[in-house]
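Working from the sequences, and respecting the hints, build out all of it.
Using this note's numbering, you'd call the opening residue of the sequence shown number 1 and step up by one each time.
None of these hints come from the bench; they were simulated from the model.
Note that the coordinates shown come from a computational prediction; the quantities given were computed from them, not determined experimentally.
Using N, Cα and C, we set each Cβ at its ideal position, and we do this for glycine too.
Mixed in with the good hints there might be a few duds.
For each label pair, taking beta carbons as the anchor points, the in silico distance ranges come out as [stated by the list, open to error]:
no.	residue 1	residue 2	range
1	N104	V141	28 to 38 Å
2	T239	L72	29 to 39 Å
3	N29	N160	43 to 53 Å
4	T245	V141	43 to 53 Å
5	F109	T245	34 to 44 Å
6	Y13	T93	11 to 21 Å
7	T202	K116	35 to 45 Å
8	T204	K147	17 to 27 Å
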Amino acid sequence: MSRLNKKFYELAYENQKAFIPFIMAGFPNISYSKSLLNKLPALGADIIEIGMPFTDPMADGKIIQDAGHEALEAGFKMNLLYEMIEDFRRADTNTPIILMGYYNPIHKFGSENFIKKIKALGVDGLIIVDLPPEEDNELCVFCLNHKLHFIRLLTPTSDNDRLPALLNNSSGFLYYVSVAGVTGTKVPVKQLVANEINRIKTHTDLPVCVGFGIKTPEDAKAISTAADGVVVGSAIIETIQKGATDSEVSAFITALSQSVHLK
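Next comes the structure, spelled out in structure tokens:
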């Protein structure tokens with residue numbers, strides 16, 4: 001059983017949901033993001049999602065875009081991400097890591113070389129926002145060959161006709177984008193999200209995690225009643241952007257985690 005599947009199995013056994021914080025690699029600088037990554041399991045992270053900075057992040061809202069650009073301006077390079085993960089895995093071999101980003105930098109590196117590299121480092125899954133199922137031969141097949149989870153994004157516009165293509169070759173979990181559009185905008189409506197999750201689950205046994213637009217512990221708690229996991233990114237990034245101290249950032253992440261884990 002993969003590390004990611006094991007995590008969801010354990011959570012389901014305990015009647016718990018996954019708290020999945022998102023951080024941007026290299027934001028606001030590499031040492032800060034490295035330190036934050038290493039702290040996340042102790043703050044309640046069940047799974048960790050790391051954003052790979054990109055110059056043209058079309059699916060991200062302003063908060064995530066700005067964080068990625070700041071990381072690039074601070075000198076972020078992919079080898080620094082590899083070092084972050086390698087350092088993390090020395091201390092933690094249990095917490096799944098998911099990388100999220102865009103295809104262009106991977107294409108430049110070479111798809112199979114990239115998959116081999118991150119698999120060896122201990123990455124568990126990949127979310128690539130600009131590769132539809134019709135382009136699975138570009139990257140997804142290499143994930144399948146090297147037993148790395150390829151995680152799809154589903155949106156409110158992913159109707160029943162589209163779902164079979166999206167579910168094909170998907171594994172680990174499904175990432176339901178609770179508000180159509182870009183990250184970190186609006187607040188999802190609990191009942192609408194619950195209805196969509198129920199619809200999706202008539203087509204698959206994969207866990208469904210919800211992200212985009214979840215800003216507060218209250219939002220996270222509400223969504224966790226319907227979803228198998230809750231992803232929070234923009235709210236964490238924005239807290240850092242506003243100059244919160246390390247202890248304030250940690251307290252916010254802990255509050256999010258506790259809200260998801262409370263029965």
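Here is how each hint holds up against the structure:
In this structure the hint that N104 and V141 lie 28 to 38 Å apart at CB is violated, the actual value being about 18 Å. Range check, T239 to L72: about 21 Å between beta-carbon atoms, so the 29 to 39 Å window is missed. The beta-carbon spacing between N29 and N160, approximately 45 Å, falls within the hinted interval of 43 to 53 Å. Separated by about 45 Å at the C-beta atoms, T245 and V141 satisfy the suggested range of 43 to 53 Å.
Restraint check, F109 to T245: a C-beta distance of roughly 36 Å satisfies the suggested window 34 to 44 Å. Range check, Y13 to T93: Cβ separation about 20 Å, and the 11 to 21 Å hint holds. For the hinted restraint 35 to 45 Å between T202 and K116, the CB-CB distance of approximately 36 Å keeps it satisfied. With their beta carbons about 19 Å apart, T204 and K147 fall inside the hinted range of 17 to 27 Å.
Checked against the numbered hints above, the structure violates hints 1 and 2; every other hint is satisfied.
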